[in-house]
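Asker: Since the structure of chain A is already known, use the hints to place chain F on it.
Each chain, written out:
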Amino acid sequence: MPRRDLKVAALASAIAMLSAATQAEERYAIGRAATPAEIAGWNIDIGRDGSNLPPGSGSVERGRTVFSEQCAVCHGDNGQGGVGDRLVGGQGTLANPKPIRTVGSYWPYAPTLFDYIRRAMPQNAPQSLSNEDVYAVSAYILSLNGIVPANAVLDAKSLAAVKMPNRDGFVSDPRPDVHNR
Amino acid sequence: MSEHTTDKRVREASRRRFLQAGAALAGSSAISGVAGSPALAEPGNNLPPNVPEWMKTPGDPMGSQPYGTPSIHEKGVVKNISKTLPQYISASGRTPLQELDGIITPNGLFYERHHGGVPTIDPAEHRLMLHGMVDRPLVFTMEDIRRFPSQSRIHFLECSGNPVYTKPYGKTASDLVGLLSCAEWTGVPLKTVLDEAGVQAGAKWIVAEGADAAALTRSIPIEKCLDDAMLVYSQNGERLRPQQGYPLRLLLPGFEGNMNVKWLRRLKVVAEPAYSREETSKYTDPMPDGTSREFTFYMEAKSIITRPSGGQKLTTQGFHEITGIAWSGHGKIKSVEVSLDEGKSWQQAELQEPVLTRALTRFRLPWHWDGSPAVIQSRAIDETGYVQPTLAELVAVRGLNSFYHNNAIWPWRIDANGEVTNAQA
Chain A
1 MPRRDLKVAA LASAIAMLSA ATQAEERYAI GRAATPAEIA GWNIDIGRDG SNLPPGSGSV
61 ERGRTVFSEQ CAVCHGDNGQ GGVGDRLVGG QGTLANPKPI RTVGSYWPYA PTLFDYIRRA
121 MPQNAPQSLS NEDVYAVSAY ILSLNGIVPA NAVLDAKSLA AVKMPNRDGF VSDPRPDVHN
181 R
Chain F
1001 MSEHTTDKRV REASRRRFLQ AGAALAGSSA ISGVAGSPAL AEPGNNLPPN VPEWMKTPGD
1061 PMGSQPYGTP SIHEKGVVKN ISKTLPQYIS ASGRTPLQEL DGIITPNGLF YERHHGGVPT
1121 IDPAEHRLML HGMVDRPLVF TMEDIRRFPS QSRIHFLECS GNPVYTKPYG KTASDLVGLL
1181 SCAEWTGVPL KTVLDEAGVQ AGAKWIVAEG ADAAALTRSI PIEKCLDDAM LVYSQNGERL
1241 RPQQGYPLRL LLPGFEGNMN VKWLRRLKVV AEPAYSREET SKYTDPMPDG TSREFTFYME
1301 AKSIITRPSG GQKLTTQGFH EITGIAWSGH GKIKSVEVSL DEGKSWQQAE LQEPVLTRAL
1361 TRFRLPWHWD GSPAVIQSRA IDETGYVQPT LAELVAVRGL NSFYHNNAIW PWRIDANGEV
1421 TNAQA
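Read top to bottom, the protein sequences are chains A and F. Heads up: the first sequence at position 89 corresponds to 89 in the numbering used here, and the numbers run straight through without jumps. Remember, the numbering used here sits 1000 above the position in the second sequence when you count from 1.
For the record, the hints were derived by calculation from the structure and aren't laboratory data. Quick reminder that beta carbons are idealized off the backbone N, C-alpha and C, glycines included. Some hints here could point you the wrong way.
[Unchecked claim] Just so you have them, the derived chain A footprint on chain F, three or more residues with Cβ under 8 Å:
hint, region
1, 1087 to 1101
2, 1267 to 1276
3, 1280 to 1294
Just chain A, same shape as in the assembly (with noise of 0.2 Å):
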């Protein structure tokens, strides 16, 4: 093949990678962009991290009241329990032959708690509660837990610094774990 011929060959077959590559990323033209303030609005994930975690504060004392008006009807005044899960206490429990469950006993991550409070509940109103109440009522919880003090103020540094009592407590998934034949 000539030179010259090869050269518009491979031109060719340049503009044919290219048109491809295009083809591959705007395969159907469906859809419009997201803008960031649409995005900010619904992007509410809290990373285990601490994450997107928002601004404000909120502490024990205050959400001690926000959990007696928002919470406690079906948790319990203390957390124990009720219609709603129990909160409150198991710690050492886990591998006795009746474990109790609770945020303080079982869950691996405290920002998680912000994250399921402002998502979920109260289950009667859900994404009511202020950012600033929400980190109360995570910081009282905590504290009926004992995992922060009765004086604690949480915000996204601290409540991401907190470290939980179960945090090590899962493996991955081994299965099949029965090995029958």
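Answerer: Frame of chain A, contents of chain F only:
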């Protein structure tokens, strides 16, 4: 006679027949069930050689049921919902497996589990947001989603807590494993939609979030998202029911039900899991040593005999077909074995075609019941060679504090009267 008068006459005839039909029932099955069997009537005038009542007058006119419902004689076949749950906002309802044939669960009987009630979503204002580690964060309308090339596939869905490990055990097949259903799903492969946004290098997980009052969140490994995961908008030919995630849900064939996020509004592509409440505090598997397994996604091979099964009664000796369902989150069912002698010996059941991957498979075994007590049970073997274990084998490894992923064999005891009960109870 005016059309109006004719309509009125037909309506009244229908109403008369409706009232009579409540009393006149055919109930000659050799197995009698608990649900769906209203009281037997006196032998009526509808038996041979008489001409049945329902042939002597026209039936209901066209349009009397714009959306068809089952016969009034099947009104007992409904979801199995406990009347003693502590609450009904975060709760589950079971498929009446022992009342169903084949492998497809009717939409009205598909099992339900929701964590913040069933939202009423206006599809015109529902959006799916796809963001995180993508080149182009995108927002889709439902119209957008339906413009993508579509697929239909048959897959089972099963709640991971189905059944519990400890007593009291359920009485019926539905009580035990009724958080299981199977449907034909239509939607778009998740991979197609992800390609539209351009997943970036380093992405390992996708966090899926529902638009319900629980804003339920689970993390899905990227491999599954790029494999057989689907964004589903239709189930058994019609749009999803609200209880199943209308207008849009995630489907992850073979993965525990909770991960198949309903009312899907957001997918965030990330490098590590969210460690949400639903994948740490719940849906983890406590072991006897105090550790817990996390990210236990697959539902392992399982089967159950649905007929004869707990709560039913063999009303006659002689021929009975044993039938049930088998399924595996790891692929196709290779075989199902049935034991008629308390697990001492096993024989191959016949599998009904089609045998589909990660779908229910119907099995059958002809049987002559001689009237003596028996314990019958089935075990599934999937294409990986995995054999469904006994409850004792599972408990030996996992203890009794595990709540999820119990795929044990479940035997039924048949006594000399033909009564069928849970042999583990």
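Asker: Confirm or reject each hint.
Answerer: Results for each hint:
1. With 3 residues having a beta carbon nearer than 8 Å to a beta carbon of chain A, the region 1087 to 1101 of chain F meets the requirement of three or more and the stated coverage holds.
2. Interface restraint, the region 1267 to 1276 of chain F with chain A: holds (5 residues with C-beta to C-beta distance below 8 Å; minimum three).
3. Check result for the region 1280 to 1294 of chain F against chain A: holds, 12 residues qualifying (beta carbon to beta carbon below 8 Å, three or more required).
Violated hints are absent here; each numbered hint is respected by the structure.
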